[in-house]
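**Q** Sequence:
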Amino acid sequence: MPHELPKSYEPGAIETRWAEYWIREKLFSVPTPPEGETRPVFTLLLPPPNVTGRLHMGHMLNQTQMDIIVRWHRMRGFITLWLPGTDHAGIATQMMVERQLAKEGKKRRDLGREKFIERVWEWKKLYGGAILDQMKRLGASVDWDREYFTMDENLSRAVREVFVRLYEEGLIYRGKYIVNWCPRCETAISDLEVKHEEVAGKLWEIRYPVIGTNEFITVATTRPETMLGDTAIAVNAKDDRYTHLHGKKVLLPLMNREIPIITDELAQPEFGTGAVKVTPAHDPNDFQAGKRHHLPQIDVMDEHAHMNQNAGPYAGLDRYEARKQILADLQAHGFLVGEKDHTLALGKCDRCGTVVEPRLSEQWFIKIKPLADRAIEAVESGEITIVPDNYRQIYLNWMNNIYDWCISRQLWWGHRIPAWTCDNCKEVTVAREAPVKCPKCGSTKLEQVSDVLDTWFSSGLLPFTTLGWPEKTRDQAVFYPTTLLITAYEILFFWVARMIMFGCHFMEGHQQDPAIKKASGWADKKNDSVPFRQVYIHALVRDADRQKMSKTKGNVIDPLEIIERFGTDATRFTLAAMAAPGTDIAFSESRTDGYRAFANKIWNAARFMFMNVDRIGFVWNRVSDPVKPGQGPDDSSGAGVSSFNPQTLEDRWILSRFNRVTAEVNDALATYRFHEAANRIYDFFWGEFCDWYLELIKPRLNFEEGADKTQAEISCGNLVSLFDASLRLLHPVMPFITEEIWHAIYEGKPPLKSIALAPYPQPDERQYDLNAETEMAILQDLIVNVRNLRAELKVEPKIKVPIDLFAPDAAIRAMIQQNRGAVERLGQVDKITFVENSLVRLAGARSTARFDVHVLYERKIDVAAECGRLTKDLEKLEKEFANNQRQLSNEQFLAKAPEKVVEGLRRRAEELTLLRDKIKHQLEELNRTGPK
RNA sequence: GGGCGCUUAACUCAGCGGUAGAGUGCCAUCCUCACACGGUGGAAGUCAUAGGUUCGAAUCCUAUAGCGCCCA
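For reference, each letter of the first sequence is one residue, going 1 to 932 in this note's numbering.
The hints are simulated quantities; they were obtained by calculation from the structure and are not laboratory data. A couple of the hints might just be wrong.
With a straight-line Cα cutoff of 30 Å, these simulated DSS-like cross-link-like pairs (lysine-lysine) come out [stated by the list, open to error]:
1. K876 / K896
2. K920 / K831
3. K800 / K831
4. K920 / K872
5. K698 / K798
6. K698 / K709
7. K445 / K115
8. K472 / K26
9. K26 / K136
10. K248 / K238
11. K369 / K195
12. K709 / K798
13. K106 / K348
14. K291 / K348
15. K107 / K367
16. K367 / K248
17. K525 / K472
18. K176 / K107
19. K367 / K324
20. K249 / K176
21. K195 / K348
22. K794 / K876
23. K798 / K831
24. K195 / K26
25. K348 / K324
26. K249 / K115
27. K437 / K115
28. K7 / K876
Please read all numbers here as calculations on a predicted model, not as lab measurements.
Assemble the whole structure, with the sequences as input and the hints as a guide.
**A** This is how it looks when you write it as structure tokens:
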């Protein structure tokens, strides 16, 4: 059956087809491996996107990298599980639905809790799958049979179990503390959910009259409205300016309340006036100071950040309205004594951007220190490695300065806290299931606490809850700890750190199936409670101007639009090729356009191959193809290109090069150097395979009457087997085009359902051929020099020219002689004449260390241009030579530099002398014969 | 305030102790029977600045400037 492919590659046509095929055929579904399984395992948890999410470049990068690593492992014979799912995203989702309600003129309270949650579920059903559908377009090879949602019943049960256990262990407590409060979302949020922003603000100075004196104490504040809740003034004990006021009281302006002057470290003498107001209910530092001095806590705001009844005449005002009013009143009564410009870091809600208010409220917390200690240990001991390495330190710094985690949220959408309050005695009972009666007073009037848990509480448990925890399952024995986590720096603390803490705590004592652990290469790891063995933190994708993408800036690049225009493969390749670890990616379309061209190049190389396959009537011998699924990473039986039968220099050369590139690509992937892997393949396929190998074998393929048919078949076979191997090498990065061509090679009857299940190429050292590589380099050098001379002599492209060649080394002469056809074809040469003497004195000649070549053509060369070029070359050589000699005459260099380097420089010196003399001669000759 | 990163060809980026690289763009030329999303040839960089370490620095150290990020 002849292969018919369109002349140019159209990704849109094939990509959706394969994406659907992979899902329909369940190619990436992984059943639980039975006892006795000895193959290596690779497990990766997809960072669950929010149900509210739309695919952005960050996801695309993340998923591209994961898919590359996952496909690479799968092709190397690992049992490879990539687990997908979505996160219920408490605040974000609730906001979406609230917004929807707002359009109908309703608020969530109008519906009531139950109806509202029903509404969210409806919303989730309708829109929640959007991001996963987008993911499918990327070709992500996840196990869709294991897809989860963080609010699934089994996961919810696990969440309750975790909560109860932590509570019973005394690691969860409830209390009234200062938390970050978002007045718009009407909920507490964690420190991590507050984003600080530098803004130009004011610093106001207010003076408080000291009772019993005619003195004043002046304090500075950026939030004057909180003064209504002041319960003390603090000065530093060491500050002599205030010693005489110790023990005295001041009269709080506007409120006419007497409050004490206390001494506390909170007041720093060198800062401002050295005295500070203390507002325990509205500032975390003041809260601590208040505890130390047993000060009352006066809350002056409500949950909407409006002043409450404690604010006296200001009750009911919005916080900023109140500020204005208070400043005016202070001014009027002579208490306001200064106003300065001041830049302050304003905390804003990560979700909605509203300015956060520190607020005293009853919340649930996790006592983090005991959990953090083990999580620190896991990273410090190397049980978990973080790549790039610098994130390790960042992680440790954070963990060492961690605060208790506020886990309760005053939302409706999320995992409701499994705690019940007794209506009668107010006793709070924490339990797995709703208690029938209060254990303290026996009352049956119990109401569940209305708060829900922070979204990250449940996602922090995913590495084990998705594997069936709290039951002990075979899945856990096999797949836990997961092997790798690939994620963005942004959620290192939100998510990664918490998974480590929870994993180390709840999976303590867990042991992975020893046979599988060993086969997977983790035998040296002692701790199987960690949620993953390795963490790879990927870069941020910025726009072409290095700006962080954001909706407000309007510079968001939509990956789906890029995919539409250039194809998924090209987009994936771009992200891979630009993903040098530790550096952010400035996404540039021109690069993607370049990689679309690469896809087209591959496509056309395939067309070329099929054209010859069809013409020769070649039958691809499937048996000899090294397709052995399921071989382990150490099994080298499929190594190299086993069905390749090298006959000629170019055969030996390309085979050697393929094996070297294979080694480099495998190494690069093993250390997450995606850019290196992508670039190696690109250079090989385009620069070596297409530009040289395909050109070189054309004469052997173009068999006509009287030609050697066997040779044509052998080279056709070599072409196909090398192409097949190259496709497998490239597959993890460009899954679609490789799948399409691979199936075409097998004329729709491949030995496996997908190239994704075929083995990944491994280098075979026996197929390295240094001689072939050296000889090929000389041949390429010769051809390039001839082309170069032709261009300079302005020889018409179609005209073939004779050349003279001086090559003193007999072996090189023989090699060129043997490959003269290549020189003739690729250099447009019609006759090669070997000569006895150097050709450097001739115009229109080039020389290298190994040969001189002269193109015979009647047209005179441009003497001035040639002189210019040679002079420039000479300058460069002289400079290098001078440098070279300086080093070689330096005794310290000779004494200290490694032998290899010295030897290299010596050889280079010889070459340089030779080249320099040749150019000098050429210049002399040109000056002698050429026009002035 | 603390911490981190970046500054290499016009643009976007690799390289991170031993002779400056890629892609795009640019110039010239060629629609040669896989590919003009192509071939061939070419031009283009005191590797931010100033010191230091070293036989040798784009690469290591220190300082400065500019840009950016994170944490408080």
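**Q** Each hint: holds or not?
**A** Evaluated hints:
no. : hint        : result
1   : K876 / K896 : holds, 27 Å
2   : K920 / K831 : holds, 28 Å
3   : K800 / K831 : holds, 9 Å
4   : K920 / K872 : holds, 12 Å
5   : K698 / K798 : holds, 18 Å
6   : K698 / K709 : holds, 14 Å
7   : K445 / K115 : holds, 23 Å
8   : K472 / K26  : holds, 26 Å
9   : K26 / K136  : holds, 13 Å
10  : K248 / K238 : holds, 16 Å
11  : K369 / K195 : holds, 24 Å
12  : K709 / K798 : holds, 29 Å
13  : K106 / K348 : holds, 26 Å
14  : K291 / K348 : holds, 26 Å
15  : K107 / K367 : violated, 35 Å
16  : K367 / K248 : violated, 38 Å
17  : K525 / K472 : holds, 21 Å
18  : K176 / K107 : holds, 28 Å
19  : K367 / K324 : violated, 40 Å
20  : K249 / K176 : holds, 27 Å
21  : K195 / K348 : holds, 5 Å
22  : K794 / K876 : holds, 25 Å
23  : K798 / K831 : holds, 15 Å
24  : K195 / K26  : violated, 42 Å
25  : K348 / K324 : holds, 21 Å
26  : K249 / K115 : violated, 53 Å
27  : K437 / K115 : holds, 27 Å
28  : K7 / K876   : violated, 45 Å
Violated hints, in rising order: 15, 16, 19, 24, 26 and 28; the structure is consistent with all others.
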